[in-house]
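**Q** Chain residues, written in single-letter form:
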Amino acid sequence: MSDETPPVEIPSVDITVDGETVAARPGELLIDACERTGTYIPRFCHHSRLEPVGMCRMCLVEVDTGRGPALQPSCMLPCTPGMVVDTESERTRKAQDGVLEFLLVNHPLDCPVCDKGGECPLQDQTMAFGPGESRFVEEKRHFEKPIPVNENVHLDRERCILCDRCTRFAGEVAGDQLIHFMDRGGQTQVNTFPEQPFASYFSGNTVQICPVGALTAAPYRFKARPWDLEEVESTSTLDSVGSRISVQSSRDRVLRFQGVDADAVNWGWLSDKERFVFEAYDHADRLATPMLRGDALGNRAPDGDALVAAPWSEALGVAADALSAAPADRLAVLGGARLTNESQYAWAKLAKGVFGTDHVDAQLGDGLPAEVVLGLPRATIDRACTPGGTIVLLGPDPKEELGALFLRLRHAVVHDGATLVELTPRRTGLSAHAAHSLRVLPGGAADAVSAMFGGGSPAGAAGLSAEALAAAGATIAAAVAEGRPVTVLVGRPSLAEAAGPVVDAALALHDHLPEAAFLSLLRRGNVHGALDMGLAPGLLPGRVTLADASGVSSVWPTVPTDRGHDAIGILEAAAAGEVDVLVLLGADVLADVPDRDLAERALANAGTVVAVDLFGTPTVARADVVLPAAAPTEVDGTFTNLEGRVSVVARKVTAPGTARPDWAIAVELADRLGTDLGFGSVDDVLAELAAVSPIHAGITPEALAASVREGVLVEGRTALARPDRTEVPVNDAYGLRLVADRSMYDVGVLVAHSPSLAGLAPGAVAGFEPSDLSRHGLAEGEVVDLIADRGTVQVAVASDPGVARGTVHLRVNQADVDAGRLIDASAPVTGIRVGRR
Amino acid sequence: MTGAYVPHAAGYVDNGGPKVVSSRFVHEDSYTLERSLATGGYEGLRAALARPPADVHAEVRDATLLGRGGAGFPAGVKWGFCPEGVWPRYLVVNGDESEPGTYKDRLLMERDPHQLIEGCLITCYALGLSQCFLYVRGEMALGQERIAAALNEAYAAGYVGRNVLGTDFSVDVTLHWGAGAYIVGEETALIESLEGNRGMPRLKPPYFPAAIGLYGQPTIVNNVETLANVPWILANGAEAYKRMGSETSPGTRLFAVSGHVKRPGVYEVEQGVTTFRDLFYGDGFCQGIRDGHELKMFIPGGGSAPWFFAEHLDLPLEAKEVGAAGSMLGSGAIVVMDETTDAVKACHRMVRFFARESCGKCSPCREGTSWEEKILARILDGHGRPSDIDLLLDVGDNISPGPYPVASHPDEGLDAVPFPPRQTTICPLGPSSVAPITSTIRRFRHEFEAKITRGDGIPVSAAPSGGEAGS
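Heads up: the sequence lines are chains A and B, in that order. Under this note's numbering, the first residue of the first sequence is numbered 1, with each subsequent residue one higher. Under this note's numbering, the first residue of the second sequence is numbered 1, with each subsequent residue one higher.
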């Protein structure tokens with residue numbers, strides 16, 4: 001926090017509210033100024049993250065701006081000097097009572113059976129100020145109730161008070177204007193158009209901001225009453241944005257997640273995946289007891305083809321025996337992005353400090369080298385979203401992978417004048433708003449960057465004109481010249497393209513734009529915590545390399561000296577029979593490693609496989625020892641998001657069966673191996689981390705408690721590694737390159753175990769640029785073979801104008817079509833030929 | 001001189017008075033460029049183009065051309081409201097004439113589209129605009145057709161488009177068809193509709209069209225009749241214009257009279273000179289109430305205006321005096337009702353219109369207007385309660401708080417409440433629904449009471465019903 005700017009004197013505007021002078025901020029809306037200074041004006045349509053519309057008229061107050069008092073909607077009125085406001089005058093009261101009565105005349109008053117009852121602003125207002133009896137004796141407006149507007153959101157139009165919050169959210173924030181006002185007058189309603197459901201990744205937010213019970217989320221309908229809920233503020237660990245959430249439970253079961261408005265992070269919004277994933281944690285399929293190999297009758301059998309329940313002591317014993325028998329360089333630990341920082345630290349200490357192996361990687365071959373992520377100058381979300389700033393996207397589609405970040409980015413570009421330059425192989429959810437949206441061939445991004453800044457030919461960026469590239473470069477250069485911040489979002493745009501070409505492009509951008517900061521788009525859960533805790537080859541906790549072991553050497557029994565394998569290296573070693581014990585920390589390698597063949601061979605040829613996991617995934621099914629772990633709603637700890645922001649993860653419910661936190665499993669295992677890790681609680685781990693890490697000294701329970709909403713930003717860089725430039729083979733005129741990326745919904749273990757989300761996976765089709773389609777003589781819907789060196793898959797063809805010419809697009813992790821069969825992790829790009837059937 | 005209907009201009013009566021905007025209506029082919037040019041068409045434009053734009057603006061301002069859409073704001077002043085240095089700006093013509101009883105803009109669009117186009121061109125020239133949108137009500141198919149044809153002629157003849165009449169001035173006029181909503185006659189709703197959104201009004205402030213209008217740019221919105229006056233002013237000068245009408249309301253106006261008069265129709269009338277009595281009873285005008293009947297009440301300025309009665313007949317047709325008397329001239333639609341009219345039914349008919357046309361955006365209008373309609377329907381169905389009269393007034397008060405504009409009631413010794421009403425709503429549609437209620441209850445309370453036959457204690461559903469209660 002070295003570059004903290006001194007606080008700027010903000011001029012204030014003096015206004016009079018109910019006889020008292022209060023200082024409003026210039027341009028602040030009257031309703032906000034009043035609330036900030038202690039006078040709450042009732043409202044339904046006003047929402048601080050949405051454009052004001054002044055529709056519900058509940059916030060009418062008498063305002064005198066020098067021309068006599070008049071009723072004005074305080075949600076539309078910016079404070080001006082000398083404004084005199086009366087929120088309690090007779091005329092104000094009459095107007096507000098009148099509006100409340102209007103809102104109630106057609107409201108069904110079915111509070112006793114309404115999920116919103118107990119937390120409903122309309123109910124609260126009515127209880128506080130409403131009339132005891134209705135003057136409305138006519139028949140109320142009737143609609144079919146409730147109608148589903150998509151798979152998870154139900155709409156009861158009778159309850160709706162037409163505040164425009166959901167419809168504004170859909171258009172303004174999510175950009176999915178699929179719900180609208182329809183009809184008019186007393187028949188006005190919110191609805192979807194026929195055959196066009198509210199298919200938005202963000203639909204759940206409308207439920208949260210609905211001021212009445214008109215929009216309800218299917219997973220919560222009729223599950224609890226608000227007064228029976230207990231809640232705790234926590235962090236979503238689903239993806240690396242680390243959205244702030246409120247975890248709400250009743251009778252030891254989590255019933256819903258609600259977004260919490262953290263100004264620096266998610267602004268209260270959640271993707272539906274973040275919102276509804278709690279169902280998976282509560283799923284009956286959760287692992288509740290350790291398991292060992294056994295036979296079909298449930299008897300222990302070391303070579304049995306089934307898993308049988310075993311007590312912890314036995315399972316830990318088997319694992320410890322295998323671990324103590326193996327030499328350090330034949331031990332490997334994969335995964336750990338699911339874990340809290342504390343659990344990651346405990347496992348890093350166990351693996352590196354006790355086992356002494358550096359074959360440790362939390363990424364599964366789908367990320368970027370840790371030294372690059374930690375070595376580039378780091379950006380925050382706020383910096384990336386600076387009004388008037390410039391954003392360069394060199395990575396996956398944030399809409400598909402990091403939903404809450406997408407909403408922030410979209411706001412910056414659509415509403416705050418940020419300029420977006422895209423270097424992606426396929427159109428993204430932001431392309432419609434991009435100043436320059438350039439389609440880059442897999443492997444071609446570094447060439448494209450060079451061409452943008454006037455060096456080299458755009459050979460690798462085939463299909464892109466030098467002019468288009470130069471124009472994008474000029475846009476960025478102009479921003480730099482004017483001192484506007486440039487932020488590069490860097491991640492793996494395609495899992496069929498190795499990390500190398502992306503790293504080359506990122507480093508080229510860094511060289512051309514030394515002022516630019518980088519925001520990592522690595523997606524998986526707490527992956528940035530894992531990198532910070534040293535769950536990466538060559539790294540130790542605190543973003544330091546093995547060479548700088550001074551921090552940990554005094555408290556760790558040992559420290560590896562030589563850099564170990566990364567995930568792909570570990571799997572290759574395992575496949576070659578060089579790994580005696582492979583520990584999988586929530587790593588479903590058969591699903592998550594891009595190279596399916598390599599993952600299969602590694603599991604087949606590894607010695608003992610110890611899996612610590614939540615679910616019996618196909619990977620877990622092949623493990624020798626299975627240890628059940630506690631889910632994020634069941635553990636205390638901290639989380640590090642993609643900015644390096646550390647925030648609190650809070651336990652709300654108890655884990656199923658005997659599942660326990662990952663850090664506790666590490667402590668137990670160390671104990672079996674004769675080492676005391678020294679941790680009796682999460683706070684012990686945090687205290688040791690603060691002591692050994694050069695950058696985590698400020699991460700104390702007190703500091704986290706003091707900044708519970710925004711978290712604490714951890715800053716510090718590793719020395720930037722510069723891997724050798726990856727040579728990308730020239731694409732021949734007939735070949736195609738595979739672009740394999742993730743979509744929001746897939747058949748991953750968490751989505752598959754969330755009933756609300758499981759049906760939403762779109763499935764896989766092979767997307768061809770329309771001219772490629774005709775060049776290959778293919779028809780839409782035709783099933784073809786996609787043939788790579790590694791394997792062949794059969795898939796239906798689709799025309800997709802969003803993909804680059806010369807590429808085939810395929811979603812990974814979809815049912816029926818396994819894109820991983822095509823990908824060779826050792827190749828920089830994946831060439832594809834099309835075979836007619 | 002008694003005047004006569006002009007057969008091809010349905011409803012227009014040529015009363016022989018001074019004519020500014022209806023001078024060509026007598027010609028059967030008045031909508032063609034040929035006829036227009038033969039009768040002085042585009043002379044105003046030529047005169048304007050010969051002068052600097054600021055002069056043209058000043059000429060219109062000097063003429064005190066009052067807006068004819070309803071509010072009666074001086075057009076020349078309105079034109080000066082755009083913030084400096086913000087470009088582009090737009091001219092939007094409000095041809096979404098749909099106030100109950102109003103049909104004068106329709107005639108202007110059907111009978112003399114070139115006059116309107118010329119007015120647009122002069123306005124654009126005066127203000128330095130290069131894009132004009134002509135928004136025509138969806139139901140006015142003939143008007144749309146005539147304007148489209150006229151635009152084609154005008155483009156071909158070089159009056160519209162690039163380098164108008166060989167000058168540096170270029171302008172495009174785009175015709176846009178409405179989709180059928182009364183509320184789109186409100187200027188901000190019209191702009192929303194023009195942008196392709198649902199026609200719902202925006203809040204003023206901050207969305208004053210002159211500052212933040214179409215596509216967020218400064219926008220001048222003028223009524224069809226207002227712009228139709230502009231060519232005459234440029235051709236003949238502001239002084240000549242001001243010689244007609246009264247000092248505060250110069251020029252002429254079109255009034256569309258309907259209802260129980262012998263000769264309903266559109267009349268071009270000198271403002272401030274002619275009275276309601278002249279208009280209703282004059283030989284050149286409506287020629288009196290239909291046979292054997294007497295005037296009971298009349299709406300002086302469209303469905304949104306509070307109602308007038310016999311004692312207001314001698315008021316001149318002039319905005320200021322009508323406003324002070326508790327109503328408005330509004331859109332120039334006058335509805336005359338004789339003594340056979342049931343005040344409650346007439347009130348219900350008018351309220352029902354507003355309830356159905358409420359856009360649904362703000363709660364008081366959306367819920368309030370349909371509630372008023374339901375109460376009135378219930379009273380008419382014989383299910384009224386004594387408390388309903390006060391309820392109607394109080395619901396109205398929650399839409400339009402404070403004393404509502406209303407005409408004086410000499411018998412009761414009540415003074416007029418001057419126009420305009422206050423509102424808890426975004427736009428004046430909701431408050432408009434209160435006008436018929438306060439007007440009729442204040443004057444004809446006994447008619448309401450006569451229809452209310454039931455005490456308050458009886459639930460509506462329990463009462464034997466002849467009709468469908470509350471539907």
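Worth flagging that the hints you see were computed from the coordinates, not collected in a lab. Keep in mind that this is a model prediction, so the values were computed, not measured. Heads up, the beta-carbon is just placed ideally off N, CA and C, and yes, glycines get one too. Mixed in with the good hints, there may be bad ones.
[Said to hold, decoys possible] Derived Cβ-Cβ restraints for the label pairs, each shown as a range: (1) A:D97 - B:P88: 40 to 46 Å; (2) B:G128 - A:H776: 52 to 58 Å; (3) A:G27 - B:G402: 27 to 33 Å; (4) A:M182 - B:N163: 42 to 48 Å; (5) A:H180 - B:A71: 48 to 54 Å; (6) B:P88 - A:P194: 25 to 31 Å; (7) A:E482 - B:P88: 21 to 27 Å; (8) B:L393 - A:Q196: 57 to 63 Å; (9) A:F193 - B:L393: 36 to 42 Å; (10) A:G27 - B:P88: 22 to 28 Å; (11) A:E35 - B:G128: 54 to 60 Å; (12) A:E35 - B:P52: 37 to 43 Å; (13) B:L393 - A:E35: 43 to 49 Å; (14) A:D511 - B:P52: 56 to 62 Å.
**Q** All hints, please: hold or fail.
**A** A quick look at each hint next to the structure:
In this structure, D97 of chain A and P88 of chain B meet the distance hint of 40 to 46 Å, their C-beta atoms being roughly 45 Å apart. A hinted range of 52 to 58 Å holds for the C-beta pair G128 of chain B and H776 of chain A, which are about 55 Å apart. Taken as a hint, the range 27 to 33 Å holds for the pair G27 of chain A and G402 of chain B, whose Cβ atoms sit roughly 30 Å apart. Between M182 of chain A and N163 of chain B the C-beta distance comes to about 45 Å, which sits within the given range of 42 to 48 Å.
One distance hint, 48 to 54 Å for the beta-carbon pair H180 of chain A and A71 of chain B, is violated here, with the actual separation near 30 Å. With their beta carbons about 38 Å apart, P88 of chain B and P194 of chain A fall outside the hinted range of 25 to 31 Å. Distance hint check: the CB atoms of E482 of chain A and P88 of chain B are about 25 Å apart, consistent with the given range 21 to 27 Å. L393 of chain B and Q196 of chain A have their C-beta atoms about 44 Å apart, which leaves the hinted 57 to 63 Å range violated.
Separated by about 41 Å at the C-beta atoms, F193 of chain A and L393 of chain B satisfy the suggested range of 36 to 42 Å. At about 26 Å, the CB distance of G27 of chain A to P88 of chain B agrees with the hint of 22 to 28 Å. Range check, E35 of chain A to G128 of chain B: about 44 Å between beta-carbon atoms, so the 54 to 60 Å window is missed. The supplied range of 37 to 43 Å is broken by E35 of chain A and P52 of chain B, whose beta-carbon atoms lie about 52 Å from each other.
Taking the beta carbon of each, L393 of chain B and E35 of chain A are about 34 Å apart, not inside 43 to 49 Å as hinted. Our hint of 56 to 62 Å for D511 of chain A and P52 of chain B holds, since their Cβ atoms are close to 57 Å apart.
Comparing the model with each earlier hint shows violations of hints 5, 6, 8, 11, 12, 13; every other hint is respected.
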